[in-house]
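Enquirer: Letter 217 of the sequence shown, counting from 1, is numbered 217 in the working numbering, and no numbers are missing.
No lab work stands behind these hints: they were computed from the structure.
Wrong hints could be hidden among the right ones.
Here are the computed lysine to aspartate or glutamate pairs in the EDC-like style, where the Cα-Cα straight-line distance is at most 16 angstroms [to be verified]:
| no. | residue 1 | residue 2 |
| --- | --- | --- |
| 1 | 229 | 248 |
| 2 | 173 | 192 |
| 3 | 128 | 182 |
| 4 | 153 | 134 |
| 5 | 226 | 192 |
| 6 | 258 | 232 |
| 7 | 277 | 330 |
| 8 | 258 | 134 |
| 9 | 287 | 234 |
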Amino acid sequence: FGSSHSGTGSTWIGSVVRCRPQDVMAELKDLQELPQLSDVDSTAGDAPSVLRLPGRRRGLAAVAAALAAALLLGAGAAVASQRGTAVESTGGSRASLRPHAATVVLAEVEGETNDQKPKEVEKKKECKLAHADDKPSLFCWAVMYPGDVDLIKSQFTGRAGIFACNDYAVIGKEAMKIGTDDCGDDFNTWQEDLPTVSKGQYGVNAMTSSWLNVPVFTLCWDRLLKSGKVWEQDFTVKMDPDAVFFPDRLGGILLQHKGKPIFTTNCRYWGGDQVGKLFGAIEVLSKQAIGAYKGKMDTCKNLPWQGWGEDYWMQHCMNALGIPAVGMFDQVSDNTCPLGGGAPCTDGKKIVFHPRKDAGQWWDCWKQSAGPQMVAK
1 FGSSHSGTGS TWIGSVVRCR PQDVMAELKD LQELPQLSDV DSTAGDAPSV
51 LRLPGRRRGL AAVAAALAAA LLLGAGAAVA SQRGTAVEST GGSRASLRPH
101 AATVVLAEVE GETNDQKPKE VEKKKECKLA HADDKPSLFC WAVMYPGDVD
151 LIKSQFTGRA GIFACNDYAV IGKEAMKIGT DDCGDDFNTW QEDLPTVSKG
201 QYGVNAMTSS WLNVPVFTLC WDRLLKSGKV WEQDFTVKMD PDAVFFPDRL
251 GGILLQHKGK PIFTTNCRYW GGDQVGKLFG AIEVLSKQAI GAYKGKMDTC
301 KNLPWQGWGE DYWMQHCMNA LGIPAVGMFD QVSDNTCPLG GGAPCTDGKK
351 IVFHPRKDAG QWWDCWKQSA GPQMVAK
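Based on the sequences and whatever the hints tell you, model everything.
Expert: Structure below.
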(Lines of atoms letter the chains of each structure in order from A; the text may use other names.)
(Lines give C-alpha, C1' and ligand atoms only; values in the text may rest on other atoms or scores of the structure.)
Protein backbone atom coordinates (compact mmCIF):
# COMPACT_ATOMS: atom_id res chain seq x y z
CA PHE A 1 0.00 0.00 0.00
CA GLY A 2 1.22 3.53 -0.73
CA SER A 3 0.28 6.35 1.58
CA SER A 4 -1.87 9.16 0.20
CA HIS A 5 -3.32 12.47 1.26
CA SER A 6 -5.93 14.86 -0.12
CA GLY A 7 -5.91 18.62 -0.35
CA THR A 8 -9.07 19.99 1.27
CA GLY A 9 -11.95 18.80 3.38
CA SER A 10 -10.52 15.57 4.75
CA THR A 11 -7.12 14.07 5.40
CA TRP A 12 -6.27 10.66 3.93
CA ILE A 13 -4.42 8.55 6.42
CA GLY A 14 -4.87 5.28 4.63
CA SER A 15 -3.91 3.78 1.30
CA VAL A 16 -5.30 3.24 -2.17
CA VAL A 17 -5.95 -0.32 -3.31
CA ARG A 18 -6.83 -1.18 -6.89
CA CYS A 19 -7.98 -4.73 -7.52
CA ARG A 20 -10.42 -7.08 -9.21
CA PRO A 21 -12.93 -8.93 -7.04
CA GLN A 22 -11.70 -12.35 -8.11
CA ASP A 23 -8.23 -11.46 -6.79
CA VAL A 24 -9.41 -10.80 -3.23
CA MET A 25 -12.29 -13.22 -2.59
CA ALA A 26 -9.92 -15.68 -0.92
CA GLU A 27 -8.90 -13.01 1.57
CA LEU A 28 -12.52 -12.56 2.71
CA LYS A 29 -13.36 -16.17 3.63
CA ASP A 30 -12.53 -16.11 7.31
CA LEU A 31 -13.46 -12.53 8.09
CA GLN A 32 -16.43 -12.04 10.39
CA GLU A 33 -16.89 -8.30 10.00
CA LEU A 34 -18.21 -6.92 6.74
CA PRO A 35 -19.78 -3.50 6.13
CA GLN A 36 -23.53 -3.35 6.51
CA LEU A 37 -24.63 -1.78 3.25
CA SER A 38 -28.02 -0.50 2.21
CA ASP A 39 -29.56 1.20 -0.79
CA VAL A 40 -26.87 0.07 -3.17
CA ASP A 41 -27.29 1.85 -6.48
CA SER A 42 -25.29 1.40 -9.63
CA THR A 43 -25.11 2.06 -13.30
CA ALA A 44 -23.75 -0.31 -15.86
CA GLY A 45 -20.10 -0.09 -16.75
CA ASP A 46 -16.65 -1.01 -15.57
CA ALA A 47 -15.45 2.32 -14.17
CA PRO A 48 -13.87 2.17 -10.70
CA SER A 49 -16.03 2.81 -7.64
CA VAL A 50 -14.83 4.70 -4.59
CA LEU A 51 -15.26 3.62 -0.97
CA ARG A 52 -14.13 5.79 1.95
CA LEU A 53 -13.64 4.40 5.45
CA PRO A 54 -13.06 6.48 8.59
CA GLY A 55 -9.45 6.45 9.77
CA ARG A 56 -10.22 4.51 12.94
CA ARG A 57 -11.38 1.52 10.85
CA ARG A 58 -7.85 0.83 9.67
CA GLY A 59 -6.17 -2.56 9.65
CA LEU A 60 -6.57 -5.80 7.72
CA ALA A 61 -10.19 -6.29 8.71
CA ALA A 62 -11.10 -2.81 7.56
CA VAL A 63 -9.27 -3.29 4.28
CA ALA A 64 -10.97 -6.59 3.64
CA ALA A 65 -14.33 -5.15 4.61
CA ALA A 66 -13.81 -2.29 2.25
CA LEU A 67 -12.88 -4.66 -0.55
CA ALA A 68 -15.95 -6.74 0.07
CA ALA A 69 -18.10 -3.67 -0.02
CA ALA A 70 -16.49 -2.63 -3.26
CA LEU A 71 -17.75 -5.82 -4.88
CA LEU A 72 -21.27 -4.51 -4.44
CA LEU A 73 -20.60 -1.16 -6.03
CA GLY A 74 -21.23 -0.46 -9.67
CA ALA A 75 -19.72 2.52 -11.43
CA GLY A 76 -21.06 5.66 -9.76
CA ALA A 77 -22.54 3.93 -6.68
CA ALA A 78 -23.75 5.87 -3.65
CA VAL A 79 -23.73 3.77 -0.47
CA ALA A 80 -24.11 4.67 3.19
CA SER A 81 -23.15 2.04 5.78
CA GLN A 82 -25.28 1.50 8.86
CA ARG A 83 -21.98 1.50 10.78
CA GLY A 84 -20.82 4.89 9.60
CA THR A 85 -18.92 3.76 6.50
CA ALA A 86 -19.35 6.42 3.80
CA VAL A 87 -19.32 5.77 0.08
CA GLU A 88 -19.16 8.77 -2.20
CA SER A 89 -20.36 8.90 -5.79
CA THR A 90 -23.37 9.76 -7.92
CA GLY A 91 -26.62 7.92 -8.34
CA GLY A 92 -27.69 5.14 -10.66
CA SER A 93 -29.79 1.98 -10.82
CA ARG A 94 -29.97 -0.98 -8.41
CA ALA A 95 -26.61 -2.80 -8.20
CA SER A 96 -25.89 -6.45 -8.73
CA LEU A 97 -22.89 -8.59 -7.82
CA ARG A 98 -20.56 -8.62 -10.78
CA PRO A 99 -16.80 -8.38 -11.24
CA HIS A 100 -15.72 -4.81 -11.95
CA ALA A 101 -12.76 -2.67 -11.05
CA ALA A 102 -12.88 -0.95 -7.68
CA THR A 103 -10.83 1.73 -5.98
CA VAL A 104 -10.88 1.56 -2.19
CA VAL A 105 -9.62 4.51 -0.19
CA LEU A 106 -9.15 4.29 3.56
CA ALA A 107 -9.74 7.82 4.67
CA GLU A 108 -10.81 10.05 7.47
CA VAL A 109 -14.34 11.13 6.62
CA GLU A 110 -14.80 14.90 6.58
CA GLY A 111 -15.80 16.17 9.99
CA GLU A 112 -14.50 13.13 11.88
CA THR A 113 -11.31 13.01 13.90
CA ASN A 114 -8.67 10.32 14.09
CA ASP A 115 -7.54 9.84 17.68
CA GLN A 116 -4.76 7.50 16.61
CA LYS A 117 -3.03 9.95 14.27
CA PRO A 118 0.66 10.06 15.20
CA LYS A 119 1.69 13.18 17.06
CA GLU A 120 4.63 13.70 14.77
CA VAL A 121 2.26 13.95 11.78
CA GLU A 122 0.30 16.70 13.52
CA LYS A 123 3.53 18.49 14.41
CA LYS A 124 4.69 18.19 10.78
CA LYS A 125 1.46 19.68 9.53
CA GLU A 126 1.79 22.64 11.86
CA CYS A 127 5.46 23.30 11.05
CA LYS A 128 6.13 26.40 8.99
CA LEU A 129 9.46 27.82 7.91
CA ALA A 130 10.47 31.19 9.34
CA HIS A 131 9.80 33.24 6.21
CA ALA A 132 6.81 31.33 4.83
CA ASP A 133 4.45 34.25 5.39
CA ASP A 134 6.69 37.14 4.32
CA LYS A 135 5.03 39.66 2.00
CA PRO A 136 5.48 40.14 -0.86
CA SER A 137 6.42 36.51 -1.25
CA LEU A 138 9.67 35.45 -2.91
CA PHE A 139 10.77 32.21 -4.52
CA CYS A 140 14.56 32.36 -4.71
CA TRP A 141 16.90 30.03 -6.55
CA ALA A 142 20.48 29.59 -7.68
CA VAL A 143 22.55 27.35 -9.91
CA MET A 144 25.26 25.48 -8.02
CA TYR A 145 28.55 24.38 -9.55
CA PRO A 146 31.18 22.36 -7.64
CA GLY A 147 32.98 25.52 -6.52
CA ASP A 148 29.75 26.85 -4.98
CA VAL A 149 28.96 23.91 -2.71
CA ASP A 150 30.61 25.13 0.49
CA LEU A 151 29.24 28.63 0.03
CA ILE A 152 25.67 27.47 -0.51
CA LYS A 153 25.79 24.97 2.34
CA SER A 154 27.07 27.71 4.63
CA GLN A 155 24.23 30.03 3.63
CA PHE A 156 21.69 27.27 4.22
CA THR A 157 23.13 26.52 7.65
CA GLY A 158 22.84 30.21 8.55
CA ARG A 159 19.37 30.52 6.93
CA ALA A 160 20.60 33.57 4.99
CA GLY A 161 20.64 34.71 1.38
CA ILE A 162 18.13 32.79 -0.75
CA PHE A 163 17.33 30.63 2.29
CA ALA A 164 15.65 33.61 3.95
CA CYS A 165 13.02 33.72 1.18
CA ASN A 166 9.51 32.24 1.41
CA ASP A 167 10.67 29.27 -0.65
CA TYR A 168 13.86 28.34 -2.44
CA ALA A 169 15.62 25.88 -4.73
CA VAL A 170 19.14 25.03 -5.86
CA ILE A 171 19.76 23.45 -9.26
CA GLY A 172 22.93 21.49 -9.92
CA LYS A 173 24.46 18.73 -11.99
CA GLU A 174 24.38 16.33 -9.06
CA ALA A 175 21.69 15.39 -6.58
CA MET A 176 23.02 16.47 -3.22
CA LYS A 177 21.71 17.02 0.29
CA ILE A 178 22.38 20.61 1.33
CA GLY A 179 21.08 20.23 4.86
CA THR A 180 17.98 19.76 7.03
CA ASP A 181 15.48 22.57 7.40
CA ASP A 182 13.74 23.79 10.55
CA CYS A 183 10.83 21.40 9.98
CA GLY A 184 13.14 18.40 9.91
CA ASP A 185 12.98 17.88 6.14
CA ASP A 186 16.05 17.26 4.01
CA PHE A 187 16.78 19.99 1.50
CA ASN A 188 18.30 18.61 -1.69
CA THR A 189 19.41 20.06 -4.98
CA TRP A 190 17.31 19.65 -8.09
CA GLN A 191 19.44 17.58 -10.44
CA GLU A 192 19.64 18.65 -14.08
CA ASP A 193 21.98 17.65 -16.87
CA LEU A 194 23.44 21.14 -17.21
CA PRO A 195 25.55 21.59 -20.35
CA THR A 196 29.19 22.61 -20.18
CA VAL A 197 29.74 26.16 -21.41
CA SER A 198 32.74 28.38 -22.09
CA LYS A 199 33.58 32.02 -21.52
CA GLY A 200 33.24 34.54 -24.30
CA GLN A 201 35.60 37.27 -25.51
CA TYR A 202 33.84 40.59 -25.63
CA GLY A 203 34.06 42.17 -29.06
CA VAL A 204 35.53 39.01 -30.56
CA ASN A 205 32.98 36.22 -30.33
CA ALA A 206 30.57 37.42 -27.68
CA MET A 207 28.74 40.31 -26.04
CA THR A 208 30.40 39.40 -22.75
CA SER A 209 33.68 38.18 -21.37
CA SER A 210 31.76 36.07 -18.88
CA TRP A 211 30.10 32.66 -19.30
CA LEU A 212 28.04 32.00 -22.42
CA ASN A 213 25.48 30.20 -20.31
CA VAL A 214 22.12 30.73 -22.02
CA PRO A 215 21.69 26.94 -22.63
CA VAL A 216 22.15 26.34 -18.89
CA PHE A 217 19.50 28.80 -17.85
CA THR A 218 16.88 27.98 -20.48
CA LEU A 219 17.03 24.44 -19.08
CA CYS A 220 16.73 25.79 -15.53
CA TRP A 221 13.71 27.91 -16.42
CA ASP A 222 12.07 24.86 -17.95
CA ARG A 223 12.57 23.03 -14.65
CA LEU A 224 11.23 25.96 -12.62
CA LEU A 225 8.09 26.12 -14.72
CA LYS A 226 7.63 22.36 -14.43
CA SER A 227 7.96 22.53 -10.65
CA GLY A 228 5.10 25.02 -10.37
CA LYS A 229 6.85 26.90 -7.58
CA VAL A 230 7.08 30.09 -9.64
CA TRP A 231 3.28 30.40 -9.42
CA GLU A 232 3.14 30.05 -5.65
CA GLN A 233 4.97 33.31 -4.83
CA ASP A 234 4.66 36.91 -6.01
CA PHE A 235 8.20 37.16 -7.39
CA THR A 236 10.93 34.76 -8.50
CA VAL A 237 14.49 35.79 -7.71
CA LYS A 238 17.53 34.24 -9.39
CA MET A 239 20.72 34.83 -7.40
CA ASP A 240 24.38 34.20 -7.99
CA PRO A 241 25.69 32.10 -5.08
CA ASP A 242 28.47 34.63 -4.41
CA ALA A 243 26.04 37.55 -3.99
CA VAL A 244 25.37 38.63 -0.39
CA PHE A 245 21.59 38.98 -0.44
CA PHE A 246 18.97 40.45 1.93
CA PRO A 247 15.48 39.32 0.83
CA ASP A 248 13.65 41.48 3.37
CA ARG A 249 15.14 44.63 1.85
CA LEU A 250 14.15 43.50 -1.63
CA GLY A 251 10.59 42.90 -0.47
CA GLY A 252 10.25 46.53 0.57
CA ILE A 253 11.08 47.68 -2.97
CA LEU A 254 8.90 45.14 -4.75
CA LEU A 255 5.73 45.63 -2.69
CA GLN A 256 4.35 48.39 -4.92
CA HIS A 257 4.89 46.21 -8.01
CA LYS A 258 3.03 43.16 -6.74
CA GLY A 259 0.59 41.83 -9.31
CA LYS A 260 2.24 43.65 -12.21
CA PRO A 261 4.40 42.24 -15.03
CA ILE A 262 7.90 43.57 -14.25
CA PHE A 263 11.54 42.57 -14.22
CA THR A 264 14.44 44.37 -12.55
CA THR A 265 17.62 45.96 -13.83
CA ASN A 266 20.53 46.80 -11.54
CA CYS A 267 23.45 48.32 -13.48
CA ARG A 268 24.11 51.58 -15.29
CA TYR A 269 26.86 52.16 -17.82
CA TRP A 270 26.34 55.91 -17.66
CA GLY A 271 24.54 58.23 -15.29
CA GLY A 272 21.70 59.17 -17.59
CA ASP A 273 20.66 55.60 -18.31
CA GLN A 274 17.06 55.34 -17.06
CA VAL A 275 16.46 51.71 -18.03
CA GLY A 276 19.78 50.18 -17.09
CA LYS A 277 21.15 46.71 -17.65
CA LEU A 278 20.24 43.40 -16.09
CA PHE A 279 23.34 41.95 -14.44
CA GLY A 280 23.07 38.36 -13.27
CA ALA A 281 24.00 38.80 -9.62
CA ILE A 282 20.26 39.30 -9.01
CA GLU A 283 17.38 38.86 -11.46
CA VAL A 284 13.80 39.44 -10.33
CA LEU A 285 10.73 38.53 -12.37
CA SER A 286 7.16 38.96 -11.17
CA LYS A 287 4.75 36.05 -11.47
CA GLN A 288 3.01 37.94 -14.28
CA ALA A 289 6.29 38.38 -16.19
CA ILE A 290 6.94 34.65 -15.89
CA GLY A 291 3.44 34.03 -17.20
CA ALA A 292 4.28 36.12 -20.27
CA TYR A 293 7.50 34.12 -20.71
CA LYS A 294 5.64 30.83 -20.47
CA GLY A 295 3.07 31.99 -23.02
CA LYS A 296 5.67 33.09 -25.60
CA MET A 297 8.67 31.00 -24.66
CA ASP A 298 9.67 30.41 -28.26
CA THR A 299 10.04 34.16 -28.77
CA CYS A 300 12.80 34.14 -26.17
CA LYS A 301 14.40 30.84 -27.06
CA ASN A 302 14.63 31.85 -30.72
CA LEU A 303 16.53 35.06 -30.02
CA PRO A 304 20.10 35.06 -31.48
CA TRP A 305 21.54 34.20 -28.07
CA GLN A 306 24.80 32.62 -29.24
CA GLY A 307 27.52 34.81 -27.78
CA TRP A 308 25.25 36.07 -24.97
CA GLY A 309 25.29 35.60 -21.24
CA GLU A 310 22.03 34.50 -19.64
CA ASP A 311 21.37 37.92 -18.07
CA TYR A 312 21.77 39.66 -21.45
CA TRP A 313 19.41 37.06 -22.92
CA MET A 314 16.83 37.52 -20.18
CA GLN A 315 16.73 41.29 -20.63
CA HIS A 316 16.25 40.90 -24.38
CA CYS A 317 13.57 38.30 -23.68
CA MET A 318 11.66 40.65 -21.37
CA ASN A 319 12.03 43.50 -23.88
CA ALA A 320 10.68 41.28 -26.66
CA LEU A 321 7.66 40.44 -24.52
CA GLY A 322 7.01 44.08 -23.64
CA ILE A 323 7.68 43.66 -19.91
CA PRO A 324 8.73 46.96 -18.25
CA ALA A 325 11.93 47.20 -16.23
CA VAL A 326 12.19 48.46 -12.65
CA GLY A 327 15.63 49.83 -11.84
CA MET A 328 17.38 48.94 -8.57
CA PHE A 329 20.59 50.87 -9.25
CA ASP A 330 20.97 52.36 -5.80
CA GLN A 331 20.16 49.14 -3.97
CA VAL A 332 22.69 46.81 -5.62
CA SER A 333 26.45 47.04 -5.18
CA ASP A 334 27.99 44.95 -7.96
CA ASN A 335 31.70 45.30 -8.61
CA THR A 336 31.23 43.90 -12.12
CA CYS A 337 29.02 46.89 -13.04
CA PRO A 338 30.84 50.03 -14.32
CA LEU A 339 28.89 52.42 -12.10
CA GLY A 340 27.44 50.03 -9.55
CA GLY A 341 30.11 48.69 -7.22
CA GLY A 342 32.29 49.61 -4.32
CA ALA A 343 29.72 50.21 -1.60
CA PRO A 344 30.97 49.24 1.88
CA CYS A 345 29.31 46.25 3.52
CA THR A 346 28.36 48.53 6.41
CA ASP A 347 25.64 49.96 4.16
CA GLY A 348 22.44 48.70 5.73
CA LYS A 349 20.21 49.56 2.78
CA LYS A 350 21.81 47.59 -0.03
CA ILE A 351 19.98 44.49 -1.20
CA VAL A 352 23.03 42.87 -2.77
CA PHE A 353 26.81 43.00 -2.42
CA HIS A 354 28.59 41.15 -5.24
CA PRO A 355 30.86 39.26 -5.47
CA ARG A 356 31.99 37.56 -2.25
CA LYS A 357 33.53 34.32 -3.47
CA ASP A 358 34.10 32.31 -0.29
CA ALA A 359 32.03 31.71 2.81
CA GLY A 360 34.30 33.79 5.03
CA GLN A 361 34.05 36.88 2.82
CA TRP A 362 30.34 36.34 2.33
CA TRP A 363 29.54 36.15 6.04
CA ASP A 364 31.83 39.02 6.97
CA CYS A 365 29.94 41.27 4.58
CA TRP A 366 26.56 39.92 5.67
CA LYS A 367 27.31 40.58 9.35
CA GLN A 368 28.55 44.11 8.66
CA SER A 369 25.45 45.01 6.72
CA ALA A 370 22.97 43.20 8.95
CA GLY A 371 24.26 44.89 12.08
CA PRO A 372 24.69 43.54 15.63
CA GLN A 373 20.96 43.05 16.22
CA MET A 374 20.50 40.68 13.27
CA VAL A 375 23.79 38.90 13.91
CA ALA A 376 22.69 38.17 17.48
CA LYS A 377 19.62 36.34 16.14
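Enquirer: Provide an ascending list of the numbers of those earlier hints which the structure does not satisfy.
Expert: Going through the list in order, the structure violates hints 1, 4 and respects the others.
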